[in-house]
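Line by line, the protein sequences are chains E and G. Each residue of the first sequence is one higher than the one before, starting from 2 at the first, in the numbering used here. Each residue of the second sequence is one higher than the one before, starting from 3 at the first, in the numbering used here.
Be aware that a few hints might be false.
[What the hints assert, rightly or not] Think about it this way: if two alpha-carbon atoms lie no more than 30 Å apart in a straight line, the pair counts; the simulated DSBU-like pairs of lysine-lysine are:
1) G/K226 / E/K230
2) G/K222 / E/K108
3) G/K64 / E/K143
4) E/K129 / E/K82
5) E/K137 / G/K55
6) E/K201 / E/K219
[Unchecked claim] A partial selection of chain E residues facing chain G, derived with a Cβ cut-off under 10 Å:
7) H54
8) P85
9) R103
10) L128
Since the hints were made in silico from the structure, they are not lab data. Virtual Cβ for every residue (Gly too), placed ideally from N, Cα, C.
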Amino acid sequence: MASEDTVKLLGFWASPYSRRVEWALKLKGVDYEYVEEDIFNKSSLLLELNPVHKKVPVLVHRQKVISESYVILEYIDETWKQSPLLLPQDPHERAKARFWARFGVEKLLEAAYNALCSLGEEKEKALKLAIEAMEKIEEEIKGKEFFGGEGIGYLDIALGWISYWLPVWEEVGSMQILDPLTFPATTSWAKNFLNHPIIKDNLPPRQKMVLYFLERSKFLSSLPRGWIKI
Amino acid sequence: MAEEVKLFRNWAGPFALRVVWALQLKGVPYDTIYEDLSEKSSLLLHYNPIHKKVPVLVHNGKPLAESLVILEYIEETWKQTPLFPEDPYERSTARFWARFGDDQLMPSVFNVFIKQGKEQEEAIARAQGDLKYLEEELRGKKFFSGEKIGFLDLAFGWVANLVSVFEEIQGLTLIEHEKYPLLLAWIQNFIDAPIIKESWPPRDKLITKYRARIEFYSSKEAAKK
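Whole structure, please, built from the sequences with the hints as guidance.
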């Protein structure tokens, strides 16, 4: 096996961004070496590979470095063309998938994380924004088993954090965003997603997540700061 | 097959310009609907209910928003004059830098022109650091995409289009010749390219518009103190 074909992924166990890359690689059956980064004590390797953002995930393939999870996902889809194809074939559907993936982070994830790490009025504002964003997601998933249609795809992977990270944040933050009564379609999608054999076996330990985000939320809510930009 | 392509845009919008350039470079006929963003038309709200923003591209009745997403769609739908590299790694590099441009460089550049005093000095240092990456990316290349204009040049088009306008308004040079010779050369090559030149918004109108914008944001910044 040519060593130049090896795939290395730098990630952080609690990051939904590095996890989604792992899901994509595993779905495609691509072997990779995983390197755990301590994001609070960044290694010189990370700083060398991603000097612009100094963040995980970073994928190294054939000595080339790719960063930013949504860029990595498209790279994976274009490089390993075997099934499942992550992005849809039709250009309009592809555009919609890219649009909603971005929306999921900029409007929903950011608001939910800010709600987790804020108190009082700030928290209420963030919660409201998160719920408004969730309404749009609910519209998108209505009538579909997966965002990608019949099988798991790019948008499911990009929004997958909703199924597992969000409930942890809700528990830690004593808040509710994904109310099953208001968002039945999304709730049902989240269950399906978590039940997928590849996803099920590739989730960070829940208790560890709860402790980790409890600490983050306590720390971040104690700081005088503005909106956290993800 | 009748193809109907409509572009909802604002005359000055840097994001819309990318879409205009892409359509022109590929020779795709389209109709333009100019939107006054202070009074959005019901048609725009129908096509982009999520963000209520321009640009919106409507192709055969199906709407698309987000200029970088639209550029990828245009590339996949009209295959003449390819704008993206073929190699997946080079495509990912282009996508990475395009987003860097929008998410990091654009706000840091804008800050240079609306902040004052010490904050402005810090903003300048930050923006010049970010611009250095662009200078590096141009090494050995005429355009970001190589010999010809491509996706990443369109994505960075706002740098060619707006920075000198801001510089003139505030009497401040950000893209200094000694520091960014390649970037300045790229700007000139980009501006001079025939298709790009045809769709360039009139400079005097840009100055008027952005003078008002910069004044608005500067006074907001000053009021914060």
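Requested in this report: Using 10 Å as the Cβ threshold, decide whether E/R103 counts as touching chain G.
Outcome: holds, 7 Å
Query raised in the report: Between G/K64 and E/K143, does the CA-CA distance stay at or below 30 Å?
Result: holds, 19 Å
Query raised in the report: Would the hint on E/H54 stand, with a C-beta cut-off of 10 Å toward chain G?
Result: Holds - the Cβ of E/H54 comes within 10 Å of chain G, reaching about 8 Å at its closest.
Query - Given pair status - E/K108, G/K222, alpha carbons within 30 Å - result: holds, 25 Å
**Report entry** Restraint status (C-alpha distance of E/K137 to G/K55 at most 30 Å)
**Finding:** holds, 16 Å
Query raised in the report: Given the proposed pairing of G/K226 with E/K230, does the C-alpha separation stay at or below 30 Å?
Result: holds, 20 Å
Query raised in the report: Should the interface hint for E/P85 be scored as holding, given a Cβ-Cβ cut-off of 10 Å against chain G?
Result: violated, 17 Å
Query raised in the report: Is the straight-line distance between the alpha-carbon of E/K129 and that of E/K82 30 Å or less?
Result: Cα-Cα ~40 Å, so violated.
Requested in this report: Assess, step by step, whether the Cα of E/K201 is no farther than 30 Å from the Cα of E/K219, and give holds or violated.
Outcome: Holds - the C-alpha atoms of E/K219 and E/K201 are around 29 Å apart, at most 30 Å.
Query - When the least beta-carbon distance from E/L128 to chain G is tested against 10 Å, hint result - result: violated, 19 Å
In the structure shown, a violation is registered for the earlier hints numbered 4, 8, 10, in ascending order.
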